[in-house]
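Trainee: Each chain is listed here by its residues.
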Amino acid sequence: MENQLKYSQTNENSRLNITKVGSKTSLLLFRIVSFLLVFSIWELAGRSDISIAFPPFSKVFLAFIEMILSGEFVDAYADSLPPLLIGLLITVVGGVIIGVSIGLVRGAEWFIMPLLIIFQTAPVSALIPMLTYIYGISDTSKIVAIVILGMPLVALNSYKGIQATSPSLLEMSESFLASRANTIILVILPSAQKMIFAGLRLGISGAFIGIVLAELLITPTGIGDLITYNRFIARYDKMFATIVSILAIAGLTLSLMRIFEDWLFPKEKN
Amino acid sequence: MVYLIRKILATVSFIISLLATSSLAYADDVITFAEADTITGESLINLIAFERAKARGVNAEAISLQSDDLVFQAVLNGQVEIGVGSAYAAMQTLGADAPVRNFYQLKKLGFLCVVNKNEIKSWKDLDGKPITIHARGSGTEAISYYMEKVHDIKFSEMSFVPGSEVRGVALMKGTINATFLDITNTRLVLASDPDKFGILDLGDVDGSDSLLFARSDFLKERAGDMQILLEELMRSAREINADPTLPAKLREEMGLLPDLPQELVDEITPYFETAVKQGMFAEDGGGLPAALGDFDFLVASGGLKGPASNLNPDNFWNFELLEKAKSALN
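Chains A and B are the protein sequences, given in the same order.
At position 133 of the first sequence the residue is numbered 133 (our numbering), and the sequence of numbers has no breaks.
At position 27 of the second sequence the residue is numbered 27 (our numbering), and the sequence of numbers has no breaks.
Extracted from the complex, chain A is given alone in its bound form:
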């Protein structure tokens, strides 16, 4: 009986592994095909007579390489990354702490939830120029813009994750006489992990939107300056290359977050 069980488990595992390997390869293939398809359509659209302001992909790619080699990207990101990283840190740490707190403490829920919902639904980008009146033209305005765009998403998702903890799991921990701290660390947080990480991914996307908006609307420095200046002098290839660079960095950050999540909570346990 035991052997039978072992055999069936091994069989199941190898089947799962085969499916996993197969799906990973095909996923990669699909991704490459999807990128190629988008770039090809872009190339064709750029070469057609849509607008002089819409260059083909090949021209943007060359501009991208040129901007890496000339150090334009290095200079621009040296300006943009410090406020982005500080804003991201506050968004991630603050968002999770606030979300978990309002999920666990009823008083905090009543106090903070309305504010979060307002920030989530309000057209925050319209408020960004107003930040200059409060925080001036310093990096603080940019950090605040990042936080108000990203943090509500992280906090609300973390809160929903905590709220969605299965009552039977809570009953189980109660029946095992687990302390409140143990229940939170061993039951509630692992159960909310998926929602928390989904929130973190959304929050990081929000933070990237925040830094670009802030640099376009408050003070054109860093990548915002590259976008506006290259548009001003009609170097549309460089403008698009800058936009592609920020998309690539945002995509890379989200992938790193995925790897971190997989490392923290290995797939088998999810």
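Hints listed in this document are in silico derivations from the structure and should not be mistaken for laboratory results.
From a predicted model like this one, the values you see are computed outputs, not experimental measurements.
C-beta: ideal position from N, C-alpha, C; glycine also.
Incorrect hints may appear among the rest.
Covered stretches of chain B (in silico footprint by chain A; criterion: 3 or more residues with CB under 8 Å from a CB of chain A, positions within the stretch not fixed) [unchecked claim]:
| hint | region |
| --- | --- |
| 1 | 66-78 |
| 2 | 129-142 |
| 3 | 206-218 |
| 4 | 284-295 |
Beyond 12 Å from chain A on every Cβ pair, some chain B residues (computed) [said to hold, decoys possible]:
| hint | residue |
| --- | --- |
| 5 | VAL100 |
| 6 | LYS117 |
| 7 | LEU188 |
| 8 | ARG235 |
| 9 | ARG238 |
| 10 | GLU263 |
| 11 | LYS324 |
Across the chosen pairs, the derived CB separations fall in these ranges [stated by the list, open to error]:
| hint | chain 1 | residue 1 | chain 2 | residue 2 | range |
| --- | --- | --- | --- | --- | --- |
| 12 | B | SER13 | A | LYS24 | 47 to 55 Å |
| 13 | B | GLN79 | A | SER138 | 31 to 39 Å |
| 14 | B | LYS7 | A | GLU171 | 51 to 59 Å |
| 15 | A | LEU44 | B | ILE63 | 29 to 37 Å |
| 16 | A | ARG47 | B | GLN79 | 33 to 41 Å |
| 17 | B | ALA242 | A | LEU127 | 23 to 31 Å |
| 18 | B | GLY306 | A | SER138 | 29 to 37 Å |
Given the coordinates of chain A, work out where chain B should sit on it, guided by the hints.
Mentor: Then chain B, alone, in the frame of chain A:
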């Protein structure tokens, strides 16, 4: 099934008729002037010309877009007919094949360098200090580089803050100590604390602040209408130069900018008096002398790649239309 097909057909025909109606609404003959500034009392020089052109059968309107680069892009793509601003750098990038040309100088640079007098008393005091300007490639950046040359100084940093009103607030809040402001905001800042704020003399800065530019195919297609508009623009510039109180009077007579707040209405005549004194409104639309002046100024300040003598005015300007309008008016 038949019922469902009928419903789908009805929906499709409704959408098509809606699209047809909206495209008819778009297909008007109004000539749109887009600028990267709010339409205020300072725009009266154009608005008066538009009103008079309307009486001669040409409809024009002014709209505001977010930035100069967006204005140029909108003109390039044919989404608006006329751009107001300076697009020399973009035209140089696109070269002789650029489909856009300047055709009229609306006003010359009218910025003033406003400083916190407690910190800065002369240009030499700005050596090694930061200065705040509108944006990269803007007229204020060109003036900054020009001033560095003239006074043999070097700013430690040029930070970009779009909008005179925002830079004015930053100056009053003490966030910055030196910047370039337009006439209206200079007046507001100086009035807020005359002991604290002062002006540094810019000397002889002769460059265009706002030019009119459009696609060459549009200028050809609507040459008759554009000539009428240019005649009226020149006529209002000449009349305002002779009497700076005219815009405020005509605003009331013609019912222009009816929602303008009283405090901005009060600023109209002082603005035009200062602007006329500074010679901001050319009476002949600039033309070749303006183009050559701009080349010298922009090459000296790094806004255009030089030398100025190598730049071909025909790659940047269409002079034909202006010449016709000038001879018709004279």
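Trainee: Going through the numbered hints above, which ones does this structure break? Give me the numbers in ascending order.
Mentor: 3, 4, 5, 16, 17
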